[in-house]
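Asker: These protein sequences, in sequence, are chains G and A. The working numbering puts the first sequence at residues 1 to 539. The working numbering puts the second sequence at residues 540 to 730.
Check before you lean on any hint, since a few could be wrong.
Claimed, not checked - With the Cβ distance kept under 10 Å, some of the chain A side facing chain G (calculated, not the full set):
(1) R561
(2) D577
(3) G606
(4) Q692
(5) T714
As the list claims (entries may be wrong) - Distance ranges between label pairs, derived from CB positions:
(6) G590(A) x I194(G): 40 to 48 Å
(7) D57(G) x Q555(A): 25 to 33 Å
(8) D98(G) x R585(A): 24 to 32 Å
Unchecked claim - Quick partial rundown of chain G residues pointing at chain A, CB under 8 Å, derived from the structure:
(9) G69
(10) G217
(11) A352
Read the hints as simulated data drawn from the structure, not as lab findings. All residues carry an ideal CB built from backbone N, CA and C; glycine is no exception.
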Amino acid sequence: MTSGLVERLAALASEPRERWRALLEDELDPETLQQALLWLTVEHATDAAPSLGAAGDARYTLVEELDRGATAAVWQAEDRVLERVVAIKLFDDASGADRAIREARVAGDIVSDHVVRILDVHDGERSFIVMELVAEFDEGGIRRLGRPASETRPSSLHEAIDWVRQAALGIHESHLRNVFHRDLNPRNVLITPISRRAQITDFGLAASRHGHCLWGGTPGYMAPEALAVAGDENARDRLVAIDIWGLGAFAYDLIAGRAPCARTIEWEAALEAPPALQRTANGEPVPAALRRVLARLLDPESLKRYRSARDVADELAAFLTSRPTSFDRGRMRRARLWSKRNPRVAATGLVALALTGMVAVASASLASLRDDHQLLVTELEARRGERTQLRREATRIRDELATTETELAARTTELAALERSLADQRQLYLDVLAAKETALQRASAERHLLLGQLEDLDDDRLVAESTRRLYERFWAASRGEAERATRERVRIQAERDVARTELAAITVKLEAVQRELAHVQSAAPHEADAVADHPLQTD
Amino acid sequence: MIQPEQRAVDDTMAAQFERIIRRVKRSMNYRGSYSTQDILGSLVARWVQSGEWQRLKTLPEPARQIGPSVRRFLLDRLDHLRIRGHRIELETLELPDDNTLTEQVELAELRCWLDLQITGLEQGTCDPRIKLPLSQPLEVGRALRLLLAGQTQRQIADTLEMSLGLVNKRIAEGTNYLIVLQGLEHGITLP
Numbered sequence: 001m002t003s004g005l006v007e008r009l010a011a012l013a014s015e016p017r018e019r020w021r022a023l024l025e026d027e028l029d030p031e032t033l034q035q036a037l038l039w040l041t042v043e044h045a046t047d048a049a050p051s052l053g054a055a056g057d058a059r060y061t062l063v064e065e066l067d068r069g070a071t072a073a074v075w076q077a078e079d080r081v082l083e084r085v086v087a088i089k090l091f092d093d094a095s096g097a098d099r100a101i102r103e104a105r106v107a108g109d110i111v112s113d114h115v116v117r118i119l120d121v122h123d124g125e126r127s128f129i130v131m132e133l134v135a136e137f138d139e140g141g142i143r144r145l146g147r148p149a150s151e152t153r154p155s156s157l158h159e160a161i162d163w164v165r166q167a168a169l170g171i172h173e174s175h176l177r178n179v180f181h182r183d184l185n186p187r188n189v190l191i192t193p194i195s196r197r198a199q200i201t202d203f204g205l206a207a208s209r210h211g212h213c214l215w216g217g218t219p220g221y222m223a224p225e226a227l228a229v230a231g232d233e234n235a236r237d238r239l240v241a242i243d244i245w246g247l248g249a250f251a252y253d254l255i256a257g258r259a260p261c262a263r264t265i266e267w268e269a270a271l272e273a274p275p276a277l278q279r280t281a282n283g284e285p286v287p288a289a290l291r292r293v294l295a296r297l298l299d300p301e302s303l304k305r306y307r308s309a310r311d312v313a314d315e316l317a318a319f320l321t322s323r324p325t326s327f328d329r330g331r332m333r334r335a336r337l338w339s340k341r342n343p344r345v346a347a348t349g350l351v352a353l354a355l356t357g358m359v360a361v362a363s364a365s366l367a368s369l370r371d372d373h374q375l376l377v378t379e380l381e382a383r384r385g386e387r388t389q390l391r392r393e394a395t396r397i398r399d400e401l402a403t404t405e406t407e408l409a410a411r412t413t414e415l416a417a418l419e420r421s422l423a424d425q426r427q428l429y430l431d432v433l434a435a436k437e438t439a440l441q442r443a444s445a446e447r448h449l450l451l452g453q454l455e456d457l458d459d460d461r462l463v464a465e466s467t468r469r470l471y472e473r474f475w476a477a478s479r480g481e482a483e484r485a486t487r488e489r490v491r492i493q494a495e496r497d498v499a500r501t502e503l504a505a506i507t508v509k510l511e512a513v514q515r516e517l518a519h520v521q522s523a524a525p526h527e528a529d530a531v532a533d534h535p536l537q538t539d
Numbered sequence: 540m541i542q543p544e545q546r547a548v549d550d551t552m553a554a555q556f557e558r559i560i561r562r563v564k565r566s567m568n569y570r571g572s573y574s575t576q577d578i579l580g581s582l583v584a585r586w587v588q589s590g591e592w593q594r595l596k597t598l599p600e601p602a603r604q605i606g607p608s609v610r611r612f613l614l615d616r617l618d619h620l621r622i623r624g625h626r627i628e629l630e631t632l633e634l635p636d637d638n639t640l641t642e643q644v645e646l647a648e649l650r651c652w653l654d655l656q657i658t659g660l661e662q663g664t665c666d667p668r669i670k671l672p673l674s675q676p677l678e679v680g681r682a683l684r685l686l687l688a689g690q691t692q693r694q695i696a697d698t699l700e701m702s703l704g705l706v707n708k709r710i711a712e713g714t715n716y717l718i719v720l721q722g723l724e725h726g727i728t729l730p
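So that you can see chain G by itself, here it is in the shape it has in the complex (with noise of 0.2 Å):
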């Protein structure tokens, strides 16, 4: 690691610029060496406490840095003079004087136990403003240092409430001298270590009559309305909203445990207004009495949050102290939280009321227990006659009741007489019934079986109609063929007669060539033989 050649070169930082550049030359290799030297410088600037110029050196020795902000460093210092510890806050650069001065009237003119006090103020070489040190000492003499709300977590739901409410007393103190905070975090309160007060610091922020930055805030706190109040003509009513909100976030800290809006340089996102707060970051819940009030510190709408921080003490000091709050308007509310801050004298109360109510009941009772019994005398003795003659009506009913039973038992056995009837009239249809269903089973089977004889039929039907249309098919070719073999036998005969015609032309040229051959032959028999041989060449 750096330290050895760091510390080893920070031992050579008093030597003298020439004794350097001649280790550069004999020892180690330049570039090693060049960087360790950058090591030593930053290590260097980094530890140093810085100077606070000729006439801050010359009064204040700075001890210890406490914090680091983006602009400034907070110092714990001595005062030399009168030989006391304060805390400085050291600007970076020399366009801090302007703001040093500014801080320091802003937060020089408030007087409150709840806001830090600025005892000086230095805009020199170096600029930084002299405040009162939060610190306490312990029982052993040893000076403890405050830290912020931040760093220190309340140790209670009351305790955080409580700071909260101190917080308010002391910007209430601010607005009344037109100091507006702008940058109430739990970061910017610090808290005392022994009595555990809580004192507001950072006005660097703050707007007033010595002028403001247009915007200011911490990411996570910012009122909704943060980017709107500048050169506003009811920027004094907005402003005084911004740091009621700046309360409502701090308590939502010191609650929760995290801060009401997202922590980024998103700005919308930052602005959004915090979800509702259930439980603490213990996971407690919270009163729904400080929900109400958290929810109006942190309402969106400005105009709907309290008026003044002193509204905000107010509240909290009532939450605290169980009094009744702007929310608890209920009588039986009211009633409650009076019991809860003064439990003796409510339990006497109860007790006493309770005791008389007691007495007046007993005394109640005794008279009614009177009214009773004469109405209970009253009412015996016209039970008493209503039983005489609800006795004569027994007497008569019982009479009754015997003639009754005696119908009864005739009626009894005329109906045990018709029930067999019935009986056997019954049992007689059954078997009817028995006998029809037997039937109609039988004629039910019949059917299936004609009606598969039908089927049968009728699929013969169907037989019978396609082989009667081939007949008829058949027939009529046949017919055709009929006629045309008798148009052929007519032809045949109109042939052959044409044939019989010639034919006997044909015998009536053979017989006239025969009788022509007979006469030949007769003149020259071989000349005879050859043309009978070849009667149709003769043709």
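Put chain A on the given structure of chain G with help from the hints.
Answerer: Relative to the frame of chain G, chain A by itself:
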């Protein structure tokens, strides 16, 4: 004896290095409260992230015109805020001049560069140009990342389950490492 011209070079280099130290430290410090300039600075950082600066860098020097582009971006974002309710009239807002804007752009670029270097440390690697590397780059990277996310040193100690003193040491080591590296990037060599 040191020659006067050599002393002048040393002084210039020392001033440059001091500027680097201040810039890196200011960028690394826990940023509690934001003033108008801080809010505008964060908006300029978003302008750089939007890619507009990369585009402008490709243009020749006379045509770059950072001022109008940044101002247009800022007014657009602020106008967007105004849509969500009663907002400040933009005429009352004094926008930064070109020099301030250039400074803010450089700071925004520095933040991007720091973010990149911290990502490297989170992966356990140091820049090879550093001859005297960190012993625990992973722890340093995580601590710096949480610091940049706005957590206090106590919150970082709780998150990383480390002592407050160790967190302070890691943050100091990491900040110094980034300063030295930034110095090397700018060609700073001592003496």
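Asker: Each hint needs a verdict: does it hold in this structure or not?
Answerer: Tested hints:
no.: 1; hint: R561; verdict: holds, 7 Å
no.: 2; hint: D577; verdict: holds, 7 Å
no.: 3; hint: G606; verdict: violated, 19 Å
no.: 4; hint: Q692; verdict: holds, 9 Å
no.: 5; hint: T714; verdict: holds, 8 Å
no.: 6; hint: G590(A) x I194(G): 40 to 48 Å; verdict: violated, 55 Å
no.: 7; hint: D57(G) x Q555(A): 25 to 33 Å; verdict: holds, 27 Å
no.: 8; hint: D98(G) x R585(A): 24 to 32 Å; verdict: holds, 28 Å
no.: 9; hint: G69; verdict: holds, 5 Å
no.: 10; hint: G217; verdict: holds, 6 Å
no.: 11; hint: A352; verdict: violated, 55 Å
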